[in-house]
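Could you slot chains B, C and D onto chain A? The hints should help.
Chain by chain, the residues:
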Amino acid sequence: MVVGALAQSDAEDLELMWRIRAFEEKASELFARGKISGLLHLAIGQEATAVGVCGALKPADTVFSGHRPHAHAIAKGAEIGRLFAELAGRSTGYCGGKGGSMHLAVPEVGFVTATGVVGGNLPLALGAALSSSSRGKQEVSVAFFGDGAVQTGLFHECLNLASLWKLPVVLICENNGFAEFSPLSAHTVVRRLADHADTYGIPSETIDGNDLALVRAAAVAAVDRARGGGGPSFLECLTHRFRGHYEGDPTLKRGSNPRDEKMDPIGRFVRSLEGRVGSVEPEKIEARIRVEVDMAADEALDAPWPDRESLVSNVVASW
Amino acid sequence: MLYAEAVVEALRRSIEDDERVHLMGQYFLGLTPHRTMVGDLYKQYPDRVYFPPIAELGYVGAGIGAAIAGLRPIVDCATASFTFQAFAQILNEAANIHYMSGGQTSVPMVIHYNHGVRGGGAAQHSHSPQAMMWNTPGLEIVTPSHPADLIGLVQTAVASDNPTIWVDHVRLFDTEGEVPDDIEPIPFGRASIRREGSDLTVFASSWMVCRSLEAAELLAAEGISVEVVDPRTLVPLDEEAILQSVAKTGHLLVVDECHRRCGVGSEIAAIVAEHAHGDLRAPIRRLATLDVPVPFSAPMEEFVEPTVDKIIEAARSVVENR
Amino acid sequence: MVTETVRYIDAISSVLRHELDRDDDVLILGEDVSYGGPFGATAGLSESFGPRRVIDTPISEGAVMGLAVGAALSGCRPVVEIMFADFVTLAMDQLVNHAAKFRYMTDGKLSVPMTIRVQGGVGGGYGAHHSQSLESWFLHVPGLKVVAPSSVADAGGLLTAAIRDDDPVIYLEHRGLYWTKGSFVPGGSPTRIGEAAVVRPGSDVTVVTVSRMVKTAITASEKLAAEGIDIELVDLRSVAPIDWDTIEDSVRRTRRLVVVHEAVTTGGLGAEIVAGLSTRAFEVLASPAVRVGAPSAPVPASPFLEQFYAPSVEDVVEAVLMTLDDREERPAHAS
Amino acid sequence: MLPDLGVEGLMTLLERMLVARRFEEQLIDLAQERDIGHFHVYVGQETTGIPALALLEDGDLSFTNHRNHGHLIARGAEPGPMYAEILGRATGYCRGKGGTLHLASAEHGFPTTSSATGGCIPPAVGAALGFQRLGSDRVSVCLMGDGALEEGAWHESANIAAMEQLPVVFLCENNSLEALGQRAGEYPSSTMAASDLTELASVFGIESVAIDGLDTRCVYQTMAKAVQRGRSGEGPTFIEARTVRWPGNRPIWPELATGKTDLSMAWDDSVIPQEHIKWHQEQDGVLEYVRQLLGNGQISKESVLDLDKQSSERVREGLIFALDSPYPSPEEALEHVFTPHQG
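Chains as they are written, first to last, in our numbering: chain A, 413 to 731; chain B, 364 to 685; chain C, 10 to 344; chain D, 46 to 388.
One chain only, chain A, in its complex shape (with noise of 0.2 Å):
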């Protein structure tokens, strides 16, 4: 079993990675019949960070998103069928339709908000560490971020805060190769990216981000240090997207099998249960969970659209 400090059993962990990777499948199949709009950023072969992050977190502990966010409000207890709802526009999406698929925000279980801005969320995240730190709270704050997000100024920015104050605040960068469009190596010449964390006296580590056992045990020792007071961590998860960086994305289609590649989490973390005692059945997990996902996505679609009246609330608290 996969340690965390909510002590998932092997089961719930294939569960939740399943439902993430389900819900997107069928996100992509949404869009493609043009039932949900706007942009569309899935994280098809990433589950394993989101999923072996937030395990490793306390329900209070918060969590920042940016552009791909499904799978990170998923893994923190997010419903998938609010998830559809919102992705869809309706009046019964987490955000009442107004944020979409790039600002998903679901307080309640901690996963406080996403942004579409790529390396926008550091310094939120950072800030809710501060809230932590500064009121003698206990809670942790993760801000998930891709590669592309490291070469923006805000990053050095928030990675010096982040040391010079020891903030409570762990640093997921998910290092799909990718940053938006073009391979990594067309944005920096930072081999290694766990490097830069290490300038301003981070601890870092960088991972195998598509073995669940790996992160969880990285992220669990991040948690524990800046819960402890220790500071931030910088986790480097080297992941693999299998779809374009966008759905629809004209100039980029990888992987149209994602469950053969043998990077995929999934079907490592099978197998690396296999002969286990008390192992799952992963096949009978799926089919379930495909059904689940399908019946969230029909009650959303059933949805009412938002009324009207609501286009104009909620711009401020009162003038």
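In short, the hints are calculated from the structure, not lab data.
If a hint is listed, it holds; no wrong ones were tucked in.
Some but not every residue of chain C turned toward chain B, in silico, with C-beta under 8 Å: (1) 151; (2) 283; (3) 297; (4) 306.
Computed from a predicted model, the values in this text were never measured in an experiment.
Cβ atoms here follow ideal geometry from the backbone N, Cα and C, with glycine treated the same way.
Positioned in the frame of chain A, the structure of chains B, C and D alone reads:
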């Protein structure tokens, strides 16, 4: 020619006509299917293209330095919202350098972005920041709405020694227009009367010109004769053309995709209120994007932006007591 | 409560101290704030409240703004100091794309109770990177509230209101006002955001203005009073939201409007007000509204050029006279 | 140590150091008499900027910051138009539109000066990009303080410079040893977590080195190598020159804390007062440079004093020129927003 093709054509001509022109960035045609055309252009001129990392502050600023050093960079910020990342360089550096140096140094660069409501872009991918840029002296702003104008305006922008903001809109990409072979550079500050009319002046720029023209066509059927004034450049602005049109029609509707408060429409309305108060036979109306962040959900999105229906309705209300 | 006569900057210091004391969630963030900042607004706060609540930051405006947003999302009430308004450009993304939008994008699930103290304005030969007035940018962004006090009392009242507000509030300080004096009640009540003040009632022309230009307009109205012209002077105090009712009420009585501000005229606050009034009170305006603002040029450094940049008393007087030029005429469209 | 420049070259450096020093001293005096606004002085960093920039040639560009006076003098700018600019006169290099914060002289290779911290970095990298794309062998020099490294603009620009192997030299003058922001003795400053500033550049594979900014020879040689690397297409270099912060650099308002520079302190310890003894004996680069020149034996005290007198005179005349110069006409405030279109 498709507008998207005109974008590529304008870039191609710029590259071919002036060896100092280099392109920085790759999302001139946004994330639309058209963007492969930009890719093809890049393959043709690999030495004239620079693919920056996701670092708008850094690479837009690098464009400024390159312009000072002798290039004529055309820098693409992709979605207008991302210009906020580079505001410090665009508004604090590029716009000020010529002035602060007392005229010693020029920044001949073009900064391109795609603005506005594009469909599902939500709050962080749907901005129209040109009103904010307009409030900052030192930037020229071009807002083409027609393929031929686009090519002519970009030629002038590239030849200009000033930093020029090239405002595009992804919804323009699929529009079509006639493009003669021998397009001359279009001087800045000359509006185009895209449709003549006698009852109402509609001022609109960029994508809103297309919607206004469509509305004007439908209004004509009701006997309302609409004149559509497309400024083509916001800075410099052809105030005379607007005032002349208002003198003729006595009615003004400003259609603007910026937010209403302190939008382009505010300035146009203020100019007319100050200088043509006596010509006005009814209050000016401003139709702009409502003052809320752009929502994601499709019906709400349509509700906040100026649509053809809303233009028609607003036009009727302005001229009702004609 | 005792009314004291203090400087504008002292009122700011006093409110910061009072709010830190009153609410443990209030934090101060900024460059060199523990040293008082460049003008001493935060002097002594670090000693009283410690470095965990009065926090010196690196010169990283983008990260600091975002960090404050994150802290605000998590229950704090940060007060961020941006040393010069011009440097908000470095934090525009966090301000416009994050702080201003989280409430809306999440349909009210999140709120961002933060105050952004910004210092700026023309004066002292600081040049184009340290003198801008950028309120029209902020006014253009839904989700931001913007206040710009001109008096010592409002400096205190509006800062109190800003810190206690549940939304991001930009608090614009004009450095030319820092050393002006006025009455102030320490620990006094907040001034309502969105309410203008009629600082001088009058009947001939409405002059709407804000921040330091209120002082200029007061002098101008005194001059004009000597010529028998009675100005009604409206101090907006809040730039977002604009108190339309007060302006409209005044213009309906005077039928003439001048808007004065220090920011660039083109695309400025004046454009919004003139545009708004020309719709709201079109039929009553007896003459065209006039805007008085800075020219479309960056702020020059030369103290000599600088004095011609911001509107002067004479500029305001001239604008008022322009609106009265045709005092006897009735506009063609008046019914 | 002295660079291998021959007597003439060494004296040219001395002359510029003295002009720079006397320029600032006179400016501080002037600020006592009249309100000239907010300004920053270069006192204490002369041995860095002056030899470093002496190497540049026509067409090379330098992008400096708020602490720019010494940099301009290093490349031959004249005290007169500099003072005139600081005083907002029509004869200033920027005709009164830039002031001290944006002092720039295109003819001396300073196209624009940003006073936003880190604001100069992206344009400096961009100029290098321009040179590279134009096939020119010119280099761009980014003159920055250590505080600029806290800005995101640094990180984005360094990455771009490294990726494209651009001909740019980042000369970072770290004067934070005794700076305002320093707390608890953390070097280099309390607001930067990196314990070694050069690592912020070397992480990108940029050639990086930290040097003693008081060592004129080292500055000169390091810069020569960096410029050569740039000219020959070998890419960017980052130099951290560690200087001290002059005791007179009070936050915001400089004052002559150590008095007017008395060159005789270079050869006569008895004239050095107890107060600021460390400054006069070890930290004042100009005095140190004079000691080395005299130690070299080729240059006499008299010629040093002579040069100082000439430099002081040049600076004095410069100020008179500036004070006698007219202000620009008010309407000029509206000029130079745009360049007129051709044709």
